[in-house]
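Asks: Construct the complete structure from the given sequences, taking the supplied hints into account.
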Amino acid sequence: MTTTTSRAASPVPAAPTGTGSRVTRILGIASLIGVAVLVLYGLRISKEDAQLGETIRILYMHVPTVSAAYLAFVITAVGSVMYLWKRSEFWDLLAASSAEIGVLFFALTILNGMLWGKITWGVFWRWEPRLTTTAVLFLTYLGYLAARAVPTSTRTRGTISAVIGIMAVVNIPIVHKAVDWWRGLHQEKTIFGTVDPDMKGTQLFTAYLGLTVFMLIFAWLLIHRFRVAWLAERANDVGLDAALAERRAEGTADGSANETADGSANETADSSANGPADGSANEPANESADESAGAGLGGAR
Amino acid sequence: MSDWAYILIAWIATFTATGAYALYVIRRGRKLSRIVPPEQRRWM
Numbered sequence: 032m033t034t035t036t037s038r039a040a041s042p043v044p045a046a047p048t049g050t051g052s053r054v055t056r057i058l059g060i061a062s063l064i065g066v067a068v069l070v071l072y073g074l075r076i077s078k079e080d081a082q083l084g085e086t087i088r089i090l091y092m093h094v095p096t097v098s099a100a101y102l103a104f105v106i107t108a109v110g111s112v113m114y115l116w117k118r119s120e121f122w123d124l125l126a127a128s129s130a131e132i133g134v135l136f137f138a139l140t141i142l143n144g145m146l147w148g149k150i151t152w153g154v155f156w157r158w159e160p161r162l163t164t165t166a167v168l169f170l171t172y173l174g175y176l177a178a179r180a181v182p183t184s185t186r187t188r189g190t191i192s193a194v195i196g197i198m199a200v201v202n203i204p205i206v207h208k209a210v211d212w213w214r215g216l217h218q219e220k221t222i223f224g225t226v227d228p229d230m231k232g233t234q235l236f237t238a239y240l241g242l243t244v245f246m247l248i249f250a251w252l253l254i255h256r257f258r259v260a261w262l263a264e265r266a267n268d269v270g271l272d273a274a275l276a277e278r279r280a281e282g283t284a285d286g287s288a289n290e291t292a293d294g295s296a297n298e299t300a301d302s303s304a305n306g307p308a309d310g311s312a313n314e315p316a317n318e319s320a321d322e323s324a325g326a327g328l329g330g331a332r
Numbered sequence: 859m860s861d862w863a864y865i866l867i868a869w870i871a872t873f874t875a876t877g878a879y880a881l882y883v884i885r886r887g888r889k890l891s892r893i894v895p896p897e898q899r900r901w902m
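Taken in order, these protein sequences are the chains called A and B. Position 51 of the first sequence, counting from 1, maps to 82 under my numbering, and the rest follow consecutively. Position 20 of the second sequence, counting from 1, maps to 878 under my numbering, and the rest follow consecutively.
Hints in this document: simulated from the structure, not taken from any laboratory. One or more hints might be untrue.
What the hints assert, rightly or not - Covered stretches of chain B, as calculated for chain A (at least 3 residues, CB under 8 angstroms): (1) 867-881; (2) 884-891; (3) 894-900.
Said to hold, decoys possible - Label pairs and their calculated CB-CB ranges: (4) B:P896 with A:T151: 53 to 61 angstroms; (5) B:Y882 with A:W158: 27 to 35 angstroms; (6) A:F155 with B:P896: 47 to 55 angstroms; (7) B:R885 with A:T151: 34 to 42 angstroms.
Note that this is a predicted model, so its numbers are computed, not measured. Where is the CB? At the ideal position from N, CA and C, for every residue including glycine.
Replies: In C-alpha cells:
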C-alpha cells in the first residue's frame with residue numbers, strides 16, 4: 032500500500048547526482064573506444080613517414096588538440112557575441128566553459144609541438160612567427176580566464192570577458208597564416224585544408240581518427256563543464272539566499288532583544304550621562320555591522 | 859633520448875592531462891550537485 036502511494040506521488044525521476052546524462056554517457060563511451068583505437072593506430076599500426084619518420088606520431092596528437100582548441104575559441108567568440116546581444120547567462124557560461132577547455136587543449140598543443148621541435152629542430156622553442164603568435168594567443172586566453180576569476184558582478188564579468196573573447200579570436204587567423212606571411216621554421220599549415228595532403232593509407236586514417244576522437248572528447252568535456260558552471264551559479268544563489276536568511280534572522284533576534292532592553296535600564300541611563308556618547312558610540316558599531324553583512328553577501332556571491 | 863621517448867611523453871601527457879581535467883570536472887559537478895536543489899539540476 033505504501034509502495035503504491037509513493038509511486039503515484041513521485042512520477043518525476045530523481046535528479047542526477049552529477050553532471051552526467053544519457054548524451055554524455057554515449058559521448059563518453061564513444062570517446063573511450065576512440066582513444067583505444069587511436070592508441071592502437073597511432074602507436075602501432077600506422078607506418079612511419081618517409082620525411083618525418085616516427086615523429087609523425089606526435090602530430091597525431093598535435094593536430095587534433097589544436098583543432099579542438101581553435102573550435103573551443105570560436106565557440107567562446109560566438110558565445111561572447113551572443114552574450115553581449117542577448118545578455119543571457121547561457122551564452123556567458125558556454126563561452127567561459129569553452130575557453131577553459133580550449134586553454135587545456137592549446138597548452139597540450141604547445142607541449143606536443145615543443146617535443147616535436149626538439150626532435151626536428153634540436154630545440155624546444157624558437158621565437159619564430161608561428162610559435163610567437165601561438166604564445167600570444169595562449170596568453171590572451173589565460174588573460175580571459177584570469178579576468179573571469181576577478182570577483183565582481185556577474186554582468187560586469189560577463190561583459191569584460193565577452194569583449195576579450197571576441198578580441199582574442201582575431202588572433203587565430205594570424206597564427207594560422209603566420210607560416211605563409213612570414214618566413215619561419217614551422218612547417219606549412221596542415222589543418223583547414225584537410226590534414227597533410229601527402230598523407231595516405233593508415234597515416235591519413237589515423238590523422239582523421241585523431242580529429243574525430245578529440246572532437247568527441249571536446250563535446251563531452253564542454254557539456255560537463257557547462258553544467259558545472261551552471262551548478263556553480265545556482266550554488267552561489269543558494270549561498271546568497273542562506274546569507275540573507277541568516278541576516279534576517281539576526282535582525283529579528285536583535286530587534287526582540289532591544290525591545291526588552293529598552294523597556295528597563297536603558298531608558299534612564301540614556302537621558303543622563305550616556306546621552307551625547309550614544310550617537311558617537313553607536314554609529315561605528317552600526318557601520319561595522321553593515322560591513323559584516325556586506326562581506327557575507329559578497330562572500331556568498 | 860630517442861624519438862620514441864618524446865613520442866610517448868607527448869601521448870601520455872595529452873591523455874593524462876585530459877583525463878585529469880575530466881576527473882576534476884566530474885568531481886566538481888558531483889560536489890556542487892549536493893548543494894543545488896534537485897529542480898535546478900535536471901539535464902536534457
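Asks: Looking at the structure, which of the earlier hints fail to hold?
Replies: Nothing - there is no hint that the structure violates, so all of them hold.
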